[in-house]
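Enquirer: The chain contents come next:
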Amino acid sequence: MINVEHLTKYYGQKLAVDDISFTVTKGEVVGFLGPNGAGKSTTMNMITGCLSSTSGQCKIDGIDIIENPNEAKKLIGFLPEQPPLYYDMNPREYLNFIYDLKKCTLNRREHINEIIDVMGLGEMQHRLISQLSKGYKQRVGIAGALVSNPPIMIFDEPTIGLDPRQIIEIRDLIRTLGADHTIILSTHILPEVQAVCGRILIIDRGKLIADQKTDEINSLAEDNRKFTVRIVGSKNEVLNFLRKTEGAAKVDFMSSGKDGSSLYMIQCKKGYDLRKTLFYALAEKRWPIIEMQNVGASLEDIFIAMTR
Amino acid sequence: MSAIYKREMKAYFTTFIGYAFIATFLVLSGVIFSLTTLSQSVGGDITTYYTFIIFAFAILIPLLTMKLFSDEKRLRTEALLMSSPVSLFGIVMAKYLAALTMFAATFALSCVNLIPAYMYGSQNTAVIIGNICSVLLIGCAFIAIGVFMSSITENQLVAAITTIATIVLFLVIGMFSSGIGFAPLRIVLDFFSIFNRFTMFTYGIIDWSALVYYASVSFVFLFLTVRVYERRRWA
Chain A
61 MINVEHLTKY YGQKLAVDDI SFTVTKGEVV GFLGPNGAGK STTMNMITGC LSSTSGQCKI
121 DGIDIIENPN EAKKLIGFLP EQPPLYYDMN PREYLNFIYD LKKCTLNRRE HINEIIDVMG
181 LGEMQHRLIS QLSKGYKQRV GIAGALVSNP PIMIFDEPTI GLDPRQIIEI RDLIRTLGAD
241 HTIILSTHIL PEVQAVCGRI LIIDRGKLIA DQKTDEINSL AEDNRKFTVR IVGSKNEVLN
301 FLRKTEGAAK VDFMSSGKDG SSLYMIQCKK GYDLRKTLFY ALAEKRWPII EMQNVGASLE
361 DIFIAMTR
Chain B
7 MSAIYKREMK AYFTTFIGYA FIATFLVLSG VIFSLTTLSQ SVGGDITTYY TFIIFAFAIL
67 IPLLTMKLFS DEKRLRTEAL LMSSPVSLFG IVMAKYLAAL TMFAATFALS CVNLIPAYMY
127 GSQNTAVIIG NICSVLLIGC AFIAIGVFMS SITENQLVAA ITTIATIVLF LVIGMFSSGI
187 GFAPLRIVLD FFSIFNRFTM FTYGIIDWSA LVYYASVSFV FLFLTVRVYE RRRWA
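Just so you know, the protein sequences line up as chains A and B, in that order. As numbered in my numbering, residues 61 to 368 make up the first sequence, in order. As numbered in my numbering, residues 7 to 241 make up the second sequence, in order.
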């Protein structure tokens, strides 16, 4: 459905995207993951035809986005990083405008009512977009990408600026859309892609460093387990003991509590899970564990693991 | 393309700009008409009126054009247009035509001034038609300048000021030329002068070279606007 081949982009002398190739097949939901400034938005802008590539090509359902932009763009719904909203319109007018812009042929009334329903914009549909909250603005932006029901949807950081409840709603929506659409979604939040995407592309400094199924990334995260533990006992002795434990890659002292306990952050070596080991070992030493919490592998951890 | 045209037309009236433009245009044309044509005892010469109207364009045209592209850039709505199945040329033309419609419609309204001109003076209809044609064409050229200026900045004020400056430059360029001794420079300045070409129309004669010139100015600036966007896409 989306075919990206050797895509490269220079901004002047600066290399923003470095020879990226990947294919997204029909019905896939792909997460595009990377730190800020990694080249996610640039790549998405090139796929949607907003920006041209320095070299390489991008085909949408076999149609080259540069050679035949009007046909290719009809197949894409795009939500850029900052939703492209006209503040002097209300959401309904805005959706009608996009309907015309995309030369949509679906039944106008039904289609737009459906989108307004799905995005929960019913109450806000006659208010000026400039008066809406950030969360609602984001929803109007996503609604805009849904107009004409394009088979491919590209969302650049769709949940940014939303409250936790809305984030869950949008994730659910994307999951629902994923059933019959091809979706690329960019984010720098790992749990987000883990929640909705079947496949993850990781991009760093313009280079594609990983292209894997979400399950594989998850197991990678488990291979690099990290957790915090609160232990009652003399800080230095405990710290020394923890550092000597086999399988501990890194142990950091975090803080002390009033009850004589201290909080430590433990990073396990690849393939080790120290949670049970520590439970028995510390019990033997009579240093009770009063709290233990798993810290999900961060994006940085995954990066380190990927680039190693 | 029609979607963008419709949106721009609507935007003129959902913001105050459309009303401000119509009001300023009509007030200015009325005042100029009273001070020129009406104040003359006999005859009621209409050419002076149209000459001043052209000067008024320096303030009027930027009102129409300043936000056309600068606002798209400021609000990041360009991405929507760029990812839609519309060509760059289509986008530029839609916005240009919207501004042109506003301009032509208001200019048509200002023609009420001709009623007293005909009632109380003897008018040569050919001269009036000549004037109207040339003023419309000059308006087209100036709007194209405004469209271009709004495409190179995201600040409406900057767009307005650069538009005013360019229009004024086009207007005064011919006035200095007579004082310049160096012949080639004088010829070049005369060539670009809006006013020197305006003269023939005021006699009621259609000057084809002037038509081509005004159309060329419009074309060049619209072409440059498309180039600005192409360049940004390829940058």
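Keep in mind that the hints were calculated from the coordinates and are not lab data. The model shown is predicted, which means the values in this text are computed figures rather than measured ones. Even for Gly, the Cβ is constructed at its ideal location relative to N, Cα and C. Fair warning: there could be bad hints in the mix.
[Said to hold, decoys possible] Chain B stretches covered by chain A per the calculated footprint, using a threshold of three residues with CB under 8 Å from any CB of chain A:
1. 134-140
2. 198-210
[Stated by the list, open to error] Chain A side only, calculated, beta carbon under 8 Å to chain B, not exhaustive:
3. 65
4. 74
5. 76
[Claimed, not checked] A few chain A positions that, by computed beta-carbon distances, are all more than 12 Å from chain B:
6. 96
7. 126
8. 140
9. 190
10. 208
11. 216
12. 233
13. 251
14. 303
15. 308
16. 319
17. 348
18. 351
19. 354
Enquirer: All hints, please: hold or fail.
Expert: Hint-by-hint comparison with the structure:
With a cut-off of 8 Å between beta carbons, the segment 134-140 of chain B has 0 residues touching chain A; three or more are needed, and the interface restraint is violated. Only residues whose C-beta sits within less than 8 Å of a C-beta in chain A count toward coverage, and the segment 198-210 of chain B has 0 of them, not enough to reach three; the restraint is violated. Against a cut-off of 8 Å between C-beta atoms, the interface hint on residue 65 of chain A is violated, since the closest Cβ of chain B lies about 19 Å away. Nearest Cβ of chain B to the Cβ of residue 74 of chain A: about 11 Å, over the 8 Å cut. The hint is violated.
Hint status for residue 76 of chain A: violated, given a least beta-carbon distance of 11 Å to chain B, over 8 Å. Under the 12 Å C-beta cut-off, the non-interface status given to residue 96 of chain A relative to chain B holds; the minimum distance is some 17 Å. Against the 12 Å criterion, residue 126 of chain A falls within the reach of chain B, whose nearest CB is about 10 Å from its own CB. Listed as a non-interface residue, residue 140 of chain A fails to keep its Cβ farther than 12 Å from every Cβ of chain B; the least gap is roughly 4 Å.
A cut-off of 12 Å between C-beta atoms contradicts the statement that residue 190 of chain A is not in contact with chain B; the least separation is 10 Å. A beta-carbon of chain B is positioned within 12 Å of the beta-carbon of residue 208 of chain A; the least distance is around 10 Å. Residue 216 of chain A, annotated as away from the interface, has a beta carbon of chain B within 12 Å; the closest lies near 9 Å. Residue 233 of chain A, annotated as away from the interface, keeps every beta carbon of chain B farther than 12 Å; the closest lies near 20 Å.
Under the 12 Å C-beta cut-off, the non-interface status given to residue 251 of chain A relative to chain B holds; the minimum distance is some 27 Å. Look at residue 303 of chain A: its CB is around 50 Å from the nearest CB on chain B, clear of 12 Å, so calling it non-interface holds up. Distance check for residue 308 of chain A against chain B: the nearest CB is about 48 Å away, which clears 12 Å, and the non-interface claim stands. No Cβ of chain B comes within 12 Å of the Cβ of residue 319 of chain A; the nearest lies about 52 Å off, and the non-interface call holds.
The beta carbon of residue 348 of chain A sits about 55 Å from the closest Cβ of chain B, which is more than 12 Å, so the claim that it is off the interface holds. Every Cβ of chain B is farther than 12 Å from the Cβ of residue 351 of chain A; the closest lies at roughly 45 Å, confirming the non-interface assignment. The Cβ of residue 354 of chain A lies farther than 12 Å from every Cβ of chain B, with a closest approach of about 39 Å, so its non-interface assignment holds.
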